[in-house]
Amino acid sequence: MRLLLTSPMGDPLDSRTWSSAPSNVARALAAKGVDIVPFDSRVVGKAGKALAAACNVARGLPVKDISRFDTIRALRSRAVAAAAEQAGVDHILCTSSIDAPAPTNIPYSIWIDDTVHLLQQTPMSPGFTGRAAAMIDALDGAAFAAAAHVLPFSQHVADDVVDHYGVARDRVFAVGCGSGPIPPFEGVKTYADGDILFVAKHQFSDKGGDLLLEAWPEILARRPQTRLTLIGSKDAVERARGIPGVTAHDFLPWDDLVAKFHGASFLTQPMLGDPWGQVYLEAMKSRTIVVSLDHRALPELTDNGRNAFLIAKAEPTALAQAVLAAYATPQADLERMAEAGQRVVLDRHGWDSVADRILSRIG
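Just so you know, we're using my numbering here: the sequence shown kicks off at 1 and counts up by one.
There could be a bad hint or two in this list.
Here are the simulated DSBU-like pairs of lysine-lysine, each with C-alpha atoms no more than 35 angstroms apart in a straight line [said to hold, decoys possible]:
| id | residue 1 | residue 2 |
| --- | --- | --- |
| 1 | K46 | K234 |
| 2 | K49 | K32 |
| 3 | K234 | K201 |
| 4 | K46 | K201 |
| 5 | K49 | K189 |
| 6 | K64 | K189 |
| 7 | K32 | K234 |
| 8 | K49 | K260 |
| 9 | K260 | K189 |
| 10 | K64 | K32 |
| 11 | K313 | K189 |
What follows is a set of in silico ranges between Cβ atoms, one per label pair, in the way DEER data are often shown [claimed, not checked]:
| id | residue 1 | residue 2 | range |
| --- | --- | --- | --- |
| 12 | P184 | K46 | 41 to 49 angstroms |
| 13 | D35 | P217 | 35 to 43 angstroms |
| 14 | R343 | A148 | 46 to 54 angstroms |
| 15 | R343 | R223 | 45 to 53 angstroms |
| 16 | R357 | S15 | 52 to 60 angstroms |
| 17 | P330 | A221 | 41 to 49 angstroms |
| 18 | T190 | P217 | 38 to 46 angstroms |
| 19 | A50 | A142 | 23 to 31 angstroms |
Hint data in this document are derived by calculation from the structure and do not stem from the laboratory.
These figures come from a predicted structure and were not determined experimentally.
Cβ coordinates follow ideal geometry from the N, Cα and C atoms, glycine included.
Using the sequences and the accompanying hints, generate a full structural model.
Okay, here's the thing in structure tokens:
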């Protein structure tokens, strides 16, 4: 099979694009004999974006997230279709609904982590309303409807593609997403002695950092020996400055980062709107138990919370109580949770398994 792999976020083979998901899936598919043709669908330059913005202003539509609207989609979709035809591929795998191809004889599938309909229901919502929301909903619906398959990371997104966008269930299949390069932890942890970990390269607040710091005084008051490590951004370093029990790093060498994942007891990262969360997989693979919100993909990843500590609402007191409950849980129970979580990642979320599920639909 010859496959055009697209990305509207950059070169699909560049590990910096979309948390390495396209490059990792490309590598896994290539290992199974698929001939990958990468296509960076960021084909609209500044002039095109300015024209699209002017069109939106003239129609009374917002210019925020302009790539989601029809003008840029039309330019991008034609470019994707032309690239596919020129390359002589058998199938197109898009990594977003916004770069679905214009009508062509070549079938395409969409591999996605979220829908705008679900995103609009979170604190990270782009805030589309009225005609703008209706237009984007219709454009996404058309992209899904014309696809041979829609391949979401998770079942809750698959259900939304069926229930909200009306795509036939036999064309929608949750294939998952692989984990990052943190190796599995195989030692023994004493959970009562370990630290809390938070890892985010950007969007500190949206990733739950502010909520965690709001909960921290209550955690520390009840359990003074607890320590928190924040990793990933200068923002985290600034937020943590002067807070007792908190250490922050904007960057760590690879071996040190692995050691932090493997040494921590709990990843406490109540992300407010992320549909998936690669960091959860990295933690689970490290037998570091997740403390977070009971929404988006986390119920699926954690066996409906059996292998994690999940809270219903993004409230500091609820988060603090969940952390304290985690530390108070017997060691044997925590070991069982950690081992079960690690098994889920290793069994289902390796890139080889994801590639197999994708090929079972498009191959």
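Verification of the supplied hints:
no.: 1; hint: K46 / K234; result: holds (29 angstroms)
no.: 2; hint: K49 / K32; result: violated (38 angstroms)
no.: 3; hint: K234 / K201; result: holds (9 angstroms)
no.: 4; hint: K46 / K201; result: holds (27 angstroms)
no.: 5; hint: K49 / K189; result: violated (52 angstroms)
no.: 6; hint: K64 / K189; result: violated (46 angstroms)
no.: 7; hint: K32 / K234; result: violated (40 angstroms)
no.: 8; hint: K49 / K260; result: violated (42 angstroms)
no.: 9; hint: K260 / K189; result: holds (13 angstroms)
no.: 10; hint: K64 / K32; result: violated (40 angstroms)
no.: 11; hint: K313 / K189; result: holds (29 angstroms)
no.: 12; hint: P184 / K46: 41 to 49 angstroms; result: holds (45 angstroms)
no.: 13; hint: D35 / P217: 35 to 43 angstroms; result: violated (56 angstroms)
no.: 14; hint: R343 / A148: 46 to 54 angstroms; result: violated (32 angstroms)
no.: 15; hint: R343 / R223: 45 to 53 angstroms; result: violated (29 angstroms)
no.: 16; hint: R357 / S15: 52 to 60 angstroms; result: violated (22 angstroms)
no.: 17; hint: P330 / A221: 41 to 49 angstroms; result: violated (23 angstroms)
no.: 18; hint: T190 / P217: 38 to 46 angstroms; result: violated (25 angstroms)
no.: 19; hint: A50 / A142: 23 to 31 angstroms; result: holds (25 angstroms)
Of the hints listed earlier, those the structure fails to meet are numbers 2, 5, 6, 7, 8, 10, 13, 14, 15, 16, 17 and 18, in rising order.
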